[in-house]
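Colleague: Those protein sequence lines, which keep their order, are chains A and B.
Heads up: the first sequence begins at 1 in our numbering, then just goes up one per residue.
Heads up: the second sequence begins at 1 in our numbering, then just goes up one per residue.
Be aware that one or more of the hints could be misleading.
Okay, derived cross-link-like pairs now, DSSO-like style, lysine-lysine, Cα gap no bigger than 30 Å in a straight line [stated by the list, open to error]:
#1 A:K195 to B:K300
#2 B:K95 to B:K157
#3 B:K152 to B:K204
#4 B:K300 to A:K135
#5 B:K115 to B:K152
#6 A:K133 to A:K201
Hints were generated in silico from the structure; no laboratory data involved.
Given the structure is predicted, the values throughout are model-derived calculations rather than measurements.
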Amino acid sequence: MSDALLEVEDLTIRYETDSGDITAVSDASFSIDEGEFFGLAGESGSGKSTTAKAIIGGLDDNGYVDGGTIRYRGEEIQDFSDAQLNEKLRWKEISWIPQSSMNSLDPLQRVSEQALEIGQVHTDLSNEEIREKLKEMFDVVGLQESRIDDYPHQFSGGMQQRAIIALALFLEPSLVIADEPTTALDVIMQDQIFKYLDRMKDDASTSLLLITHDISVIFESCDSVAIMHASQIAERGSTESVHDNPRHPYAFMFKEAFPDIREPDRDLEVIEGYPPELIGEVSACSFADRCPWAVEECRESAPPLDPVGDDDATHAASCFRSDEAYELYEEHGTADPAAPERGDD
Amino acid sequence: MTTEPPLLEIDGLEKHFEESTNVLDVLMRREPSKIQAVDGVSFTLERNDSIAVIGESGCGKTTLLLTLIGLHDITGGDVVYKGTPMSSFDKADWKDYRSNVQVIFQDPFNSLDPKMTVEESLKEPLEIHDVGNRDERVRQVLEDVELRPPEKYLRRKPMNLSGGEKQRVAIGRALVLEPDIILADEPVSMLDVSTQASVLRMLKGLIDDYDASMIYISHDLSTVSYISEVVNVMYLGRIVESAGTERLLADPKHPYTEALVSAIPVPDPHYDRSRTEMSGAPRDPIDLGEGCRFRDRCPKVIPPEGIDIGQSAYREVMAFREALEREELPLDRIRESLDDPGDTEAFAAAIDDEYFSAELSGENAATVETALDEIATGDRDAAIDRLRERFESVCEITPDSIEDESGWHVACHQYYDHDRQSTEDHAITTD
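Looking at chain B on its own, in the form it has when it is part of the complex:
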């Protein structure tokens, strides 16, 4: 065996959308905003792997899946299937890819054609890809998805199946072509818990039996250990951490993964889990710019060296700077609410009142105060520079993903040793 290429290699994959524009935008020659749904995702799927992509709604995981099956054009990067990049697929490559990469969707209630019997649904892919021996294959796959005896189900239509049975048919439909890769998007989240476990267990067994590989996409970290050995955690278009499932659950490294794991309810009234420290919600993935995308919510955001400031105070300053730089502060509204809109001192005080509640002292307080005066007198640029000079965080630089010997990837500045300049010395260290 020499160098067989990996089954599927996702390499710096990007999928951006442009926010819809109207006539006015065109006339004004405004640049449309960029929605960075998937923004530089890389991982490799080898034969018989089951890899999970976990993230909250809006993190880009479903866009990733739709891009992988060719429903979206790729913006940047590439997907390489058995050595051939998708960007250079010809018609035959696409046909081969489409028969070998199958999808199980979240909602079994909508993913099956209501007018087709189970038999027709399962036969259709075989007909499209001109595979013989159809009757036998259909029966076998029904056996495999534990719809037994097959005769009992062949003539049924989706309305005569329970949710769990429907999802089993959908799984059977994905398997009937004996694909290399199964992409599963939240395959059990719409099922009752009493059937979730059995469907997950069956799916995992079938992936092995059919010698297939799987990318499992879900928001649910609590069941992922039943289906995948490796987990990628995604936040706003990027993978922030990747590791073996059990190790990642037991000892998450990225502050976002930590927050995600620690927010999972524990079914035990005697266990005293502390509630999350986080507030707010992920922002929209629009024009995100440089830097760690979690920094606005991160409980471990790193202040510049040498300044003495508490976490919550620092986060407030950071959120304010960000809103200021992105022109998102409702400054006009604040000014208009004043008794005398021309009173710049009162204006600065009103901004202070609205955005700063934590205690700032010394040089930090002085810098913010001067910056607010500058904003109030209309010199926004000076305020931006002043605040940046004192408060810029290393987290505003996009962190590269670093890897330890065991293949654990994490993209967080906490784990860089910033005193050393060489990337070779980067190592994941735990505290």
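So that you can see chain A by itself, here it is in the shape it has in the complex:
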């Protein structure tokens, strides 16, 4: 990977709690090239948001990186201080669209003032240029240009979210990290924003790390994907290979749980059970208790994220039965004749 922009390698993140240290991310590895859109998918609690927060140095106070590296343009950044992150990366290189607009805007400052502050610190643009850029972005996100001088409370929740998207994109960062950026928005607005992101990708080779539970958006808009389940990356690869040739049971069941407007009648997959809470070292497949194909081996050690050996070198799965699981699913559904000892969910 010569022009990798962001490389995450064997990343492990834990949160200190009264009942012990909870593992939120366990040995996660992936990389994002310039101009690549990368989707990180999973259910709530899978560790996808934690991964993103670690990259931008935004872990909660009780969270810490317990192993592995995060490299941006080749430089290790996992131990950067806030000051270093602010000076070198935030806004101009990497910008962040948070999941919720609440508390993300300074309530005492007009949106344009916040833009000026960001622009003055991170670029050489004149105030007039900054305002113009912000106006353009307001137009993209469907806000009236004249409202850049409004205070956050003058916007509804959906409009605040769009104002934040405008702030995150107006300096044309190299990498946009977006945590469920459009979940609170309606589909047409979501499409308008992705239309703009597509254009940034074409014009400026912008990269995107998109964190979402919505695999439809990822399959449609991203080049690559990693699907996480309870701290582990279950499967990773180009969206084509994960879509066409899935190997990890969670990956294909998750995919089949999504509706497709082209087949309004199709039965949706249901994944029984809940992800486990993981205290300390993760020493088993975190999906084993929900997996119809789990065998003894899956509970004895954590399966490594190994290449599956097809044409796509990035395509990897962490499943001991990755070579047969999908075939079994296609033939027998979730009733696996080889593993009848499935536990009570």
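With the hints as your guide, set chain B onto chain A.
Modeller: Relative to the frame of chain A, chain B by itself:
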């Protein structure tokens, strides 16, 4: 069987709010602005129907629901339950209605009392409505919502339930009185996708088992086929299209529904869906006035006959006219930004620059140019008249909803045959 009235008939229902006013407004005797959250909604719910109302945030769907359960006074129109209009409900009617119309809210994290056990939550409605056999009913409903065995859940409090389990309890609470009607407001949107499907499937099955009917309110067209046979699409307070779910998804007629359906992501990297052509966001539902409410964003807005103008140019003119008529143009700001605020020619040019980017030619360009000069010299009314005369669209008349033989309703001027004067000849035609 003679004429049994429909279970629930919503007839031209309106719910308007007044924008808050301050002392100054009162002193100046300003008319408060009207927020037209629900503005003439009609549909009928028969026994065992499951009807969806789909729309984006701000379209009025939640106000519709709150009005249906009596939490808002009705501004206009009526809701008729088994033949009795809500406007003439007495106390007993209300009690009967409230036990027979139950709601499932979006957020299972806030809709259950955190201090109550599952058993208490489920028993409360039975106690209020003085229904006997409570223990047995509670157990049965827990079985029905697939919280098995019931003993495992009875003593739990919401904090010991997962999101999916909470929503199952909320569904159980809505069903425990064996209501006629369930109103469900985005019942699965806060759940993880792995549980969404199972909750939807269960809800649909239970509606049938309990012989109930449902109004399902959601922003999500992609899952609606799993729960409702009929979809109403709502935009800014009005229903713009209504049809059988699968037909509507496969062949939407109203340009708004078309935009909505085509913006749904398709989970397939090989499928090349084109991104939406639309820009902007729905406007606020304040003082909306006459006309189709989608016309300011509509990619198929209809220019007057006989003028030659491209879609994007026409939409620009329309947006400008509208802002001009509603006094929303920041004319003072534009004037002040000029080197010489008294220079009317420069003023007109600055307005042109700010609002018109598409190519206008011939008579269209001349009309706009003259109108801008009139605005610059202070004769706004003349400009309004001039622009209206040339550019007024049929879309500025509120389109009636028309219906074809199959019960497909659509409210869009595209489907009227404007050459014929009789409404009988109106038919939905596809291109």
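Colleague: Is the Cα-Cα distance between K195 of chain A and K300 of chain B 30 Å or less?
Modeller: 20 Å, holds
Colleague: Is the hinted pair K95 of chain B and K157 of chain B satisfied, with a Cα-Cα distance of at most 30 Å?
Modeller: 28 Å, holds
Colleague: Within a Cα-Cα threshold of 30 Å, do K152 of chain B and K204 of chain B meet the stated pairing?
Modeller: 24 Å, holds
Colleague: Between K300 of chain B and K135 of chain A, does the CA-CA distance stay at or below 30 Å?
Modeller: Holds: K300 of chain B and K135 of chain A sit about 27 Å apart, inside 30 Å.
Colleague: For a C-alpha distance cap of 30 Å, please report whether K133 of chain A and K201 of chain A respect it.
Modeller: 17 Å, holds
Colleague: For the pair supplied as a hint, K115 of chain B and K152 of chain B, is the alpha-carbon distance within the 30 Å limit?
Modeller: Since the Cα atoms of K115 of chain B and K152 of chain B sit roughly 18 Å apart, the hinted pair holds (cutoff 30 Å).
Checked against the numbered hints listed earlier, the structure breaks none of them; every hint is satisfied.
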